[in-house]
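Visitor: Residues per chain are reported as follows:
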Amino acid sequence: MTDTARTLTSPEAVKRLKKRRGADVRFRWYGLGAILIALGALAVLVFSIGTQGVSAATYHVVKFDIVLDPAEIAPEGDNAPEDIARNVEGFYGLARDNLLATFPEANESRATRQQLADFLTRLAVLPTAKQVARNPELVGSRMTMTAPLNDDLDLYLKGQGVRERRINTGAVTVTAASAEGTYRVSGNLESLAAAIKVAGQDRMEDASPLSVLLTAGSATGRLTGITDGSATMEMLTGNAQQFANARPVARVVLTGEGERTVSDNQIAWVLALKDMGRINRVPRWSLLTNSDSTYPELAGGLSAIVGSLWTMLVTALVAMPIGILAAVYLEEFAPRNRVTEFIEVNINNLAAVPSIVFGLLGAALYLNFLGMPRSAPLVGGLVLALMTFPVVIIAARAALKAVPPSVRSGALAVGASQMQTVFHHVVPLAAPGILTGAILGMARALGETAPLLLIGMVAFVGDVPKGPMDESTVMPVLIFSWSNNAERAWEPLTSAMIIILLAFLLLMNGLVVFLRRKYERRW
Amino acid sequence: MLQQLGQLPMGWLLIALIAVFGSSAFFLGRVRAEKLLLAGARRMHSRPNYHGYFVAMWATVPIVLIAIAYGVFSESMTRTQLIGELPSQFGLLSEAELHSYIDAVRMAAGGAASTGADRVFTAVTNRYLEIRGMLNAGTLAVLGLLAATGTVWARGRLKSDFRARSFVERGMEMVLFLCAGVAIATTAGIVLSLLWESLQFFRVVSAWDFLTGTRWNAQTEAEFGALPLFFGTFMIALIAMVVAAPIGLFSAIFLSEYASPKARAWIKPILEILAGIPTVVYGFFALLVVAPGIRQLAIWFNEGVIRMGLASEPILAAQPTSALAAGLVMGIMVIPFVSSLSDDVINAVPQTLRDAAYALGATKSETVKQVVVPAALPGIIAALLLAVSRAIGETMIVVMAAGKSARISMDPTSDLTTITVQIVSLMTGETGFDDPKTLSAFALGLVLFAVTLLFNIVALRVVKKYREKYD
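Protein chains in written order, with the working numbering: chain L, 3 to 525; chain H, 3 to 473.
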């Protein structure tokens with residue numbers, strides 16, 4: 003054996019080799035781990051927003067069978083459409099009275115009446131009012147009105163607002179007890195009692211007591227004094243006969259009544275309405291057809307979507323021509339001199355300037371100096387255009403550069419002027435590349451939020467903007483505003499709006515992929 | 003009459019007029035050129051279309067300039083005129099009050115219903131409309147005159163040997179140059195507007211106090227010590243880079259050195275999705291998932307430490323919005339910036355270097371660590387610098403998840419504020435441009451612009467100066 007071979011097979015060398023190989027394997031795992039962390043973060047993001055958003059894609063609506071009493075709908079007696087459309091209070095009264103007739107027990111106190119009235123907001127009847135206003139002959143007839151359910155109850159029905167455990171108790175017998183309105187429930191309540199014990203364990207001492215509700219059909223009662231075999235029940239709604247021959251379900255509501263937004267009574271009523279088939283879970287088209295509202299169950303993104311479209315129109319009309327023409331100049335005409343170099347340095351720097359700085363420029367230049375209106379898509383579009391055109395220039399230059407010089411030489415050889423060469427031959431050949439670059443720039447502008455906040459596009463906008471000068475907001479800013487709202491129901495709604503925004507972005511990127519596939523050309 | 007003229011939708015009208023004048027001038031020029039052809043001109047220098055373009059150019063260029071001037075100056079001219087005519091009692095109003103009064107007048111003039119309009123207000127509104135009407139009528143008259151003169155004059159120049167094409171192409175090149183010049187104008191606009199408003203601010207607050215003061219309380223009291231904001235920005239960017247630098251770099255190394263072409267073709271675009279997600283979505287994610295999670299972890303940590311007797315009070319602040327949450331999510335956002343740029347430079351390292359290292363007996367990881375990465379280092383550093391500049395300028399994530407309290411605290415679970423957060427909160431209020439609050443936002447913007455520009459320039463320099471050339 004030679005010396006070298008011995009040093010390579012000596013125990014130290016083998017040990018060192020093993021260590022080096024171990025380090026090699028570890029290094030590979032670090033790389034894989036980094037990729038997995040990045041992909042995992044993306045997956046968590048998509049999953050958490052996706053599940054939230056999907057749950058907001060449907061919501062619960064309540065049906066009201068009402069008679070359009072002229073005394074309520076058109077108190078003036080003239081059936082004037084605009085009066086009817088404005089008479090939200092009248093329609094709301096009809097719906098509320100309908101609920102009160104369904105649940106007469108709510109009349110007991112002011113508080114319970116209010117709890118029942120909270121089932122729908124006043125503005126929820128507006129579509130019906132408008133519908134009747136369009137067809138005044140409906141006044142006096144009977145109709146079924148549907149209106150979205152209050153957001154807290156909607157969340158409760160979706161199992162998101164309030165945590166509860168459901169236990170099938172099996173058949174129970176319900177007998178009237180001595181006190182009025184209370185009953186004695188007997189049956190096999192062992193599992194229920196056990197569940198209550200478990201639920202009670204990790205509760206804070208000062209929390210309000212657990213509610214245990216027993217439901218059969220449309221009847222619900224609140225259980226107290228639960229032992230393994232019997233309990234006392236106070237009826238919340240419906241009558242005790244419904245428990246006979248039924249398979250009641252017990253609900254242990256894990257949040258005390260004081261700490262949640264829906265009361266026991268409301269739970270009982272909403273379950274009853276559901277049992278009567280008057281509450282349905284339907285697709286929430288209002289997310290696309292309604293404008294912003296202060297009530298989550300009525301809010302939609304239409305005004306923001308239209309605002310985004312106006313803004314993007316302005317951006318496209320300004321950034322695309324300027325960007326493309328500038329790219330043509332720099333790539334085809336510009337002499338190599340100081341000025342050209344300075345322009346190029348500027349373009350590269352502009353592409354890296356934080357977007358919020360463009361917002362400051364917009365505020366100072368457009369709003370303060372030129373006196374343009376705040377919150378207008380025109381201003382927003384101009385700000386985004388300044389941000390987008392460097393991106394368009396860079397993409398368009400790359401596309402122009404890809405056109406082979408032989409095309410130019412050919413055109414020049416048959417006598418075309420340079421301008422004709424460029425606009426008749428080079429630009430058409432580069433058009434798909436220029437267009438995809440421009441679309442990608444627009445997609446970036448569509449998701450931009452910060453600069454638009456600075457020019458006042460964050461205001462609450464209840465109307466759909468009709469032109470680029472109207473007050474409006476855009477999708478990302480709407481997402482930002484909604485995420486600031488405190489009520490729990492805004493969270494899934496915000497996620498749903500994010501999904502809509504991402505769908506638009508996906509559409510634009512899909513268009514780019516399609517254009518590339520169809521027109522991509524290798525020279 | 004004048005008042006009605008004052009309500010004209012001038013924007014649309016001007017665009018329509020330019021289109022009408024332009025196309026009719028083109029038509030006139032072209033017809034004239036065709037007539038020349040028919041009249042027996044056997045050889046024309048330019049084709050009829052170019053004669054059309056030539057006339058159209060002379061008809062539209064002056065009126066486009068006038069339209070732009072109208073857009074830029076009409077409002078301020080009307081205002082100056084109106085303010086000059088106001089009765090002397092208005093002199094009692096401050097500048098800001100006067101401006102908001104005229105804003106209200108303008109809203110009312112635009113047709114918005116004004117509530118509580120008194121007689122004076124109505125009179126001022128009517129006068130506003132009259133001034134506007136005169137301006138509009140004057141603009142339209144000048145515009146029509148110029149377009150007509152231009153058309154007639156240019157049409158008169160058309161002859162069979164007229165070099166219409168050369169003129170048109172020279173004009174076209176001017177337009178192209180001006181479009182490219184917009185880049186310079188934009189940069190100049192940014193620098194000038196930031197500098198101008200900042201100078202106004204530094205008249206009230208000294209630049210030294212602004213840069214070194216430690217108390218920031220712009221909203222309530224006039225305290226403009228921006229150091230806590232710089233600290234918060236630095237802290238959050240640091241957290242972001244602690245996340246993004248290793249993950250981005252290792253991803254790049256894995257993708258370029260280890261992954262099979264097929265895996266690479268899948269993973270690279272997916273990673274780039276991270277760069278395409280709007281930042282407001284990241285902000286919501288931080289607010290919805292990450293911040294509550296970190297808060298919970300911090301609470302558990304506090305409880306654990308107390309239970310073990312290591313401390314008697316909670317160590318971490320465990321606030322609902324925290325620097326850590328914003329930093330982590332920003333790190334995720336920045337990963338693709340690091341990874342795709344590093345990937346490019348690593349791929350640019352020639353294969354011969356790797357082969358040489360293998361030939362000397364180096365393992366793959368040793369080759370990467372001791373040959374490939376050092377060779378690509380300038381590019382990697384540039385990528386990291388660009389990512390830092392992104393992180394510093396990022397707004398929505400910090401606005402939504404970092405908090406608003408200006409403080410200097412090393413605890414990553416406490417809420418910190420940043421330059422961008424403060425710019426947003428200062429600029430979204432209803433304050434005028436003469437308020438130091440608003441002006442301070444521009445001073446912050448100037449700092450932000452300068453710092454990010456510095457990072458970008460340094461990044462480009464590093465690449466240019468230290469790039470190894472393999473030819």
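Just to be clear, a hint being listed does not mean it is correct.
[Stated by the list, open to error] Straight-line alpha carbon distances no greater than 25 Å define the calculated DSS-like cross-link-like pairs of lysine-lysine that follow: (1) H:K371 to L:K21; (2) H:K371 to H:K406; (3) H:K406 to H:K270; (4) L:K21 to L:K160; (5) H:K366 to L:K17; (6) L:K132 to L:K65; (7) L:K403 to H:K371; (8) L:K21 to H:K366; (9) H:K264 to L:K520; (10) H:K371 to L:K17; (11) H:K264 to L:K20; (12) L:K20 to H:K371; (13) H:K371 to L:K520.
Just so you know, the hints here were simulated from the structure itself, not pulled from any lab data.
Visitor: Going back to the hint list, which numbers does this structure go against?
Guide: Hint check: 2, 3, 4, 7, 11 and 13 fail, others pass.
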